[in-house]
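Asks: Sequence:
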Amino acid sequence: MIRTFQQHHLRPTRLLDGLWDFITDPDNKGISEGWSSQFPTGSRKLVVPSCWNNELGTYDYIGAAWYRTHFETLQEANIRLVFEGILHHADVYVDGQHIGYHFGGFTQFAMVLPHVAQGKHELIIRVDNTVDWQTLPTDIADWHSYGGIIRSV
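Each step along the sequence shown adds one to the number in the working numbering, with nothing skipped, and position 30 is 30.
Certain hints may be false.
To be verified - DEER-style ranges, computed between Cβ atoms:
1. E33 / I62: 29 to 37 angstroms
2. H144 / L74: 36 to 44 angstroms
3. P40 / Q97: 13 to 21 angstroms
4. G96 / D27: 20 to 28 angstroms
5. P114 / I62: 16 to 24 angstroms
Read the hints as simulated data drawn from the structure, not as lab findings. Remember, predicted model here, so these are calculated numbers, not experimental data. Beta carbons are placed, not taken as given, at the ideal position from N, Cα and C, and that holds for glycine.
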């Protein structure tokens with residue numbers, strides 16, 4: 001966590017880093033099949049933060065992938081989810097509801113969830129590391145387009 005001061009007792013923070021469920025979506029069917037509310041079977045565990053291109057079987061993978069974890073609230077509260085970096089596209093879902101979208105792999109972004117009920121909640125993120133003329137206007141690049149939740153949540 002990037003914090004140089006102690007958190008205030010009225011606004012506690014919690015890292016969601018650790019092992020998340022992870023599955024690639026090479027056919028890009030996750031949206032049409034509703035993976036945001038019904039995470040598919042056959043997923044594996046992947047450490048967040050990390051780059052999926054460091055893992056066996058996904059070294060050269062470019063496309064969409066889905067991550068899932070859970071968090072719990074002890075009482076109704078307003079929650080601010082802070083994402084330190086996701087390469088490149090990120091669609092965020094909480095309890096099956098689309099919360100927002102962000103593009104920009106190395107920039108922090110946050111999403112506020114008002115009046116989150118007490119209990120366990122599911123956080124799903126669709127990540128896509130595809131780079132094209134709509135995202136990065138170049139035909140030839142001298143780097144690989146890495147993908148994943150590369151910084152803390």
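Asks: Work down the list of hints and note, for each, if the structure agrees.
Replies: Here is how each hint holds up against the structure:
1. E33 / I62: 29 to 37 angstroms: With a Cβ separation near 21 angstroms, E33 and I62 fall outside 29 to 37 angstroms, so the hint is violated.
2. H144 / L74: 36 to 44 angstroms: holds, 42 angstroms
3. P40 / Q97: 13 to 21 angstroms: 18 angstroms Cβ-Cβ, so the 13 to 21 angstroms window holds.
4. G96 / D27: 20 to 28 angstroms: holds, 21 angstroms
5. P114 / I62: 16 to 24 angstroms: Because 36 angstroms falls outside the window, the suggested range is violated.
The structure is inconsistent with the numbered hints 1, 5, although it conforms to all the rest.
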